[in-house]
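Use the sequences and the hints to build the structure in full.
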Amino acid sequence: MAHDGQALVLQTRGLRKRFGGVQAVNGVDLAVPPGDLRAIIGPNGAGKTTLFNLITGDLAHDTGHIYFGGEEVSGLPPHRLCRRGMGRTFQITSIFRRLTALENVQTAFLSHHRRHFNILVPARRLYRDQALALLERVGLREQAGKPSGILAHGDQRRLELAIALAGTPRLLLLDEPTAGMAPQERHEIMALVARIAGDTGLTVVFTEHDMDVVFAVARRITVMHQGAVLAEGPPADVRANTDVQRVYLGQPVPR
Amino acid sequence: MSPARWLGFLIVVLAVAPLVLPPFFLQLLTEIAIVGLFATAFNLLMGFGGMVSFGHAAYFALGAYTAALLVKRAGVPLLLALPASPIVAAAGALLFGFFIVRLSHTYFAMLSLAFAQIVFTVIFKWKALTGGDDGLLDVWPPSMLKSPAAYYYFTLAIVGLSILALRAIVDSPFGYALKAVRENPRRARYIGIDVRRHQLAAFVISGAFSGLAGGLFAFYNGSVFPDFAYFTKSFEPLVVALLGGVQSFYGPLAGAFGFKILEWLVSRQWPVYWPLFLGSIVVVVIVLLPSGFVGLVGGRVWRTTAKP
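Protein chains in written order, with this note's numbering: chain A, 1 to 255; chain B, 1 to 308.
Read the hints as simulated data drawn from the structure, not as lab findings. Accuracy of the hints is not assured; some may be wrong.
What the hints assert, rightly or not - Taking lysine to any residue pairs in the SDA-like style, the calculated list, with each CA pair at most 20 Å apart, reads: (1) B:Lys260 with B:Leu21; (2) B:Lys260 with B:Pro18; (3) B:Lys72 with B:Val122; (4) A:Lys146 with B:Asp171; (5) B:Lys127 with B:Ser223; (6) A:Lys146 with B:Gln247.
Quick look at the structure:
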């Protein structure tokens with residue numbers, strides 16, 4: 001255990017990543033307890049997505065440690081992290097475009113149940129009901145049979161959420177889950193995430209540019225600036241933090 | 001007609017063919033079946049895995065030479081030699097594929113081509129074993145399978161079972177995951193799939209069935225030659241699959257039929273102009289008919305994945 005006291009779902013210590021002359025992530029210590037609904041905010045280039053990519057194994061960090069469920073997971077490839085219960089969505093929608101919405105989610109279930117090497121049975125009916133139930137939950141039941149590539153942008157984001165949830169993760173990392181959505185839909189989808197997290201005890205970490213959304217759903221907020229953590233705390237504290245206000249161009253941003 | 005009726009119709013036509021067709025056409029149909037299996041195995045990678053191999057002749061040749069060597073040098077009967085073809089080809093695909101799947105796109109294609117050229121060179125130079133440029137002659141099936149009709153039925157049965165097996169693989173959880181890898185490797189990793197391992201498994205399966213096609217071809221041809229492994233042979237399943245339609249499971253079979261019939265029609269009149277004709281056909285199909293011959297038929301029957 002890398003932390004005293006309470007078991008953390010996710011912890012980073014002194015995480016650093018440099019791209020050429022840019023210190024994208026500069027010594028980030030993050031501690032996410034179970035059930036947290038954590039927003040990571042910060043101006044463009046603050047290092048949010050890089051931090052995500054380090055945590056999820058997409059990028060190798062230069063120094064520091066990453067603990068998931070108390071175990072060091074530095075250097076593990078994405079598919080192993082996923083097997084350990086880490087789910088994610090990407091900033092740019094990442095789905096299986098020529099498969100139907102149903103097949104997208106079914107494939108995620110098949111893999112989660114480690115049946116993806118099975119060549120002996122037809123996959124068509126496997127986990128079909130579970131996949132349909134999950135699509136229902138994210139509001140895509142009617143779209144199940146459609147090729148996912150033709151779905152509306154917002155529906156594709158919902159589908160990606162369903163794909164990630166099919167792996168029944170302990171920790172779900174959402175990189176700007178509402179990017180490109182209308183304000184109304186942003187609130188809907190984040191309310192949905194909050195509801196699912198509440199129902200299942202899932203821990204969620206997300207980045208988001210829309211401060212309305214952040215302050216509506218986040219339990220705690222981590223503010224990043226120039227690759228480091230500038231402030232962290234419950235929404236009210238972050239809102240009152242003068243450093244945060246200064247970073248956001250001196251405006252009392254969090255309304 | 002429904003798919004089941006089409007299939008029934010096809011089986012009846014193929015079953016009675018030997019009663020009405022002269023031996024030449026039975027041999028042509030036999031070759032179509034073998035090429036169709038080779039192209040379908042190839043298309044497991046290209047159409048379903050999104051991996052374009054420029055070196056599948058390696059596995060075809062490994063299968064052909066395995067069967068021929070066992071018969072010629074060890075006196076093993078066909079029924080034991082033929083099953084060895086896919087096994088040896090799979091072993092070759094596992095060895096080469098281990099390195100090939102580490103690369104993608106053009107590099108994947110070029111490394112697969114390089115390994116095939118290595119296989120070609122080994123066959124060409126190792127005269128003591130393979131006969132080098134002279135090949136291995138008199139690789140005939142036993143007398144009971146020697147007539148064109150008998151070998152036709154034999155080939156048809158094995159190709160038919162292989163196609164069913166490949167179809168089952170495509171429709172299995174493994175096939176779903178393979179399509180996921182094709183569509184989006186990054187996302188596939190994040191549903192827990194080890195992308196390289198999955199690609200390698202598909203590569204080995206594809207290599208095994210290519211080797212089986214090679215083994216069948218050895219006995220059909222009665223001889224094996226180094227150019228079975230040459231790069232021109234590697235392009236055969238690529239062209240056949242493109243003509244038939246790579247988006248469809250049955251496209252490569254339709255492609256093999258069209259390819260071989262056209263080749264026969266054109267080459268008997270103007271043998272010199274076949275490559276020119278083939279080139280023109282490929283251009284026309286790619287430009288006007290991106291889903292291949294099966295695109296002419298259309299409908300859900302042929303489609304293997306939802307359209308984008």
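Structure-based check of each hint:
A hinted pair counts as satisfied when its Cα atoms are at most 20 Å apart, and Lys260 (chain B) with Leu21 (chain B) qualifies at roughly 16 Å. Between the alpha carbons of Lys260 (chain B) and Pro18 (chain B) the distance comes to roughly 18 Å, so the proposed pair stays at or under 20 Å and holds. Proposed proximity of Lys72 (chain B) and Val122 (chain B) is supported: the alpha carbons are some 18 Å apart, at most 20 Å. With a C-alpha separation of about 18 Å, the suggested pair Lys146 (chain A) and Asp171 (chain B) falls inside the 20 Å cut-off, and the hint holds.
With a C-alpha separation of about 15 Å, the suggested pair Lys127 (chain B) and Ser223 (chain B) falls inside the 20 Å cut-off, and the hint holds. With a C-alpha separation of about 17 Å, the suggested pair Lys146 (chain A) and Gln247 (chain B) falls inside the 20 Å cut-off, and the hint holds.
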